[in-house]
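Peer 1: Respectively, the protein sequence lines represent chains A and B.
For the first sequence, our numbering assigns the number 695 to the initial residue and increments by one for each residue that follows.
For the second sequence, our numbering assigns the number 75 to the initial residue and increments by one for each residue that follows.
For the record, the hints were derived by calculation from the structure and aren't laboratory data.
Please note that the accuracy of each hint is not assured.
Claimed, not checked - Facing chain B, according to a computed beta carbon distance under 8 Å, are these residues of chain A, among others: (1) Thr-701; (2) Leu-708; (3) Met-712; (4) Trp-716; (5) Thr-789; (6) Arg-791; (7) Val-793; (8) Tyr-794; (9) Ile-795; (10) Pro-797; (11) Lys-966; (12) Gly-968.
To be verified - Label pairs and their calculated CB-CB ranges: (13) B:Asp-262 / A:Val-883: 48 to 54 Å; (14) A:Ala-907 / B:Lys-164: 33 to 39 Å; (15) A:Val-883 / B:Arg-122: 54 to 60 Å; (16) A:Thr-973 / B:Glu-395: 36 to 42 Å; (17) B:Pro-168 / A:Ala-932: 52 to 58 Å; (18) A:Trp-900 / B:Arg-229: 46 to 52 Å; (19) B:Asn-275 / A:Ser-726: 46 to 52 Å; (20) B:Pro-168 / A:Arg-835: 53 to 59 Å; (21) B:Phe-167 / A:Ala-732: 44 to 50 Å.
For every residue, glycine included, the Cβ atom is placed at its ideal position computed from N, Cα and C.
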Amino acid sequence: MSTYWRTFKTAAWLGWEMDSNWTEPWLFLIYSIIKPVAGAFILVFMYVVIWSINGIADPQSFAFLYVGNAFFIFVGSTLFGTFQVIQSDREWYQTLRYVYISPISYYVYILGRAFSKILVSIFGVLITLGFGFFFLHVDMRFTPDRIPLFIVSLALGLFVLLAIGITLGAATFLMARHSQTLAEAVPGVFYVFCGVLFPLTILPSWGQSIGTAIPLTYWFEITRRILLPFQYNTGLAAFGDWEILAFLLISTFVFFGLSLGVFRLGEYLARKAGKLDMTTSY
Amino acid sequence: MAYAVETRDLTRVFAGKKRRFRRKRAASEGDEQLGPVTALDRVSIQIREGELFGLLGPNGAGKTTLIKILATLLLPTSGQAFVAGHDVTKDPFPIRQRINMVSGGETSGYGLLTTRENVWMFSQFYGVPSKVAKQRIDELMHVFGLWDKRDAKVRLISSGQRQKMNMIRGFVTDPDILFLDEPTLGLDVNAARTVRDYVMNWVGRERGKTVLLTTHYMAEADEMCDRIAIIDKGKILACDTPEALKRMIHTQTTFRLEVDPLRDTSTFQGMDGVVNFSLKDDASKNRTELTFILEDEAPVAEILSAITAQGAKVHALRKTEPTLEDVFISMVGRGFE
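Based on the sequences and whatever the hints tell you, model everything.
Peer 2: Here it is as structure tokens:
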């Protein structure tokens, strides 16, 4: 256990240094604030365009997409964070071979590296939500009695994201720099099918089936139920909060088991094919 | 007897790669099969605890492949390899607790961290207490001449300094078995001297420490190693102490000639008394250096005649003591470069 903790701690320290140490602290702070705020402005612009076309203001829809988009920050950064570890250690820093042959769990190492991304994302999400609430008057409420449910759902959502990230990341053991494409494409799929910007009911039936098979859909649903004072018809209205949470819990276990298996397989195949410390020159 | 490292008929074949999406110039070319390549061919070696063992061979001989297998980075295709008594295929974790590896000529490291932070981070993966690690890092930074750069970010230091940092990374965890893959490649003369001295002292001073060193520098292997295995095209050609290897050709005579570039060297091949020979072109001087391993001195006159018959001049002729390269030439009929 101490090996796992030591690995996690050191990897998280490394991740944090890499994420935050590229510039002066004050510049990093400004960047961390401006980035999510700029993202929020894109949403505002989209909303204003739709509003001007329809001629009808729809604050509930805006709140729906605003909250979805705020929490999508976790998806992009956590997935990219886990994908990027193998590729960057192998191709850019050329340290993968030395980290890999050290007496640690490489799986835990990746979790540690991704942890710093989550920390940075938490800041981004809080800034986005705060900016929306105070400056854009997004209709949100956060009652103290919902805090435990929020914390549990957030933890499960992040665990699922890490598990998905590592599952897909295992593929990068066997891929060259093309894995960058994967890191961009997969969050794109989630953006469309998990009810981030619009409810599942807008999708065709096959699209809804895909959406309901992805655990993140339930995470976005429960998060909105906690933060928004109204319930939007997302196609999951038939399920209560605890049922949604149960789906999330089960899928967390399933995806974690899957990630362990796929990671071991990817690692074995890479070691067999001699691709663990492969560097490409293109 | 328990060995620090033991391999039994270790073989590694890298699968070929199909090129499917090339220009349509020729259909057959589109399916060109590159490989498979046999990097290691039934390699069996035993390295004793406390030994400084060298693996000497030209580029592409299979040295790095062997180190990668022993360091648990790569799986063998067949055969077995044991490090500290553990099978590299089935039981890598206990091996990793006892080994470390340094590869020369590469510039690995996290650019945003300082040299000290880079090394410290790796020491933490090995469970070295932070205080002990910092003390060791400072000592090693002094030894390898990196003390002035201890707080410099890795992106700002030279490739040679990065290599020194990686040497420190290799020693800071105090491994029982250290794999050094061409550790002096790309280092300046003084830095290479420091590395060689430190490695030899480390093995001599610390009881039970084992080093497997790969190199294509003959003098380095000769000076440093207790025993040397000569490897070429994945096969171990000979394995013994440097002296014993050189004694293998002590009954033979080595001559080196510096001549004008030759049109034809095939005449030397069937010449009586010529065991083997190699040639190396020196473009800067526009000359060719020929090394002959001869049964005795009798063929020298015939060799000189063959050279002058081509209109080439002989600029120098020396009879030399056999080197490890001569052993290699005697076995495979070419030098390392």
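Peer 1: Please go over all the hints and tell whether each is borne out by the structure.
Peer 2: Do the hints match the structure? See the list:
1. Thr-701: With a minimum Cβ separation of about 7 Å from chain B (threshold 8 Å), the hint on Thr-701 (chain A) holds.
2. Leu-708: holds (6 Å)
3. Met-712: holds (6 Å)
4. Trp-716: Holds. Min distance 6 Å.
5. Thr-789: holds (5 Å)
6. Arg-791: holds (6 Å)
7. Val-793: Constraint on Val-793 (chain A) satisfied, holds at 7 Å.
8. Tyr-794: holds (7 Å)
9. Ile-795: Nearest chain B Cβ about 5 Å off; hint holds.
10. Pro-797: holds (4 Å)
11. Lys-966: holds (5 Å)
12. Gly-968: Because about 5 Å separates Gly-968 (chain A) from the closest Cβ in chain B, which is inside the 8 Å limit, the hint holds.
13. B:Asp-262 / A:Val-883: 48 to 54 Å: holds (52 Å)
14. A:Ala-907 / B:Lys-164: 33 to 39 Å: Holds - the Cβ-Cβ distance for Ala-907 (chain A) and Lys-164 (chain B), about 37 Å, lies within 33 to 39 Å.
15. A:Val-883 / B:Arg-122: 54 to 60 Å: Taking Cβ atoms as reference, Val-883 (chain A) and Arg-122 (chain B) lie about 56 Å apart, which means the hint holds.
16. A:Thr-973 / B:Glu-395: 36 to 42 Å: holds (41 Å)
17. B:Pro-168 / A:Ala-932: 52 to 58 Å: holds (53 Å)
18. A:Trp-900 / B:Arg-229: 46 to 52 Å: With a Cβ separation near 49 Å, Trp-900 (chain A) and Arg-229 (chain B) satisfy 46 to 52 Å, so the hint holds.
19. B:Asn-275 / A:Ser-726: 46 to 52 Å: holds (49 Å)
20. B:Pro-168 / A:Arg-835: 53 to 59 Å: holds (55 Å)
21. B:Phe-167 / A:Ala-732: 44 to 50 Å: Holds, at about 46 Å.
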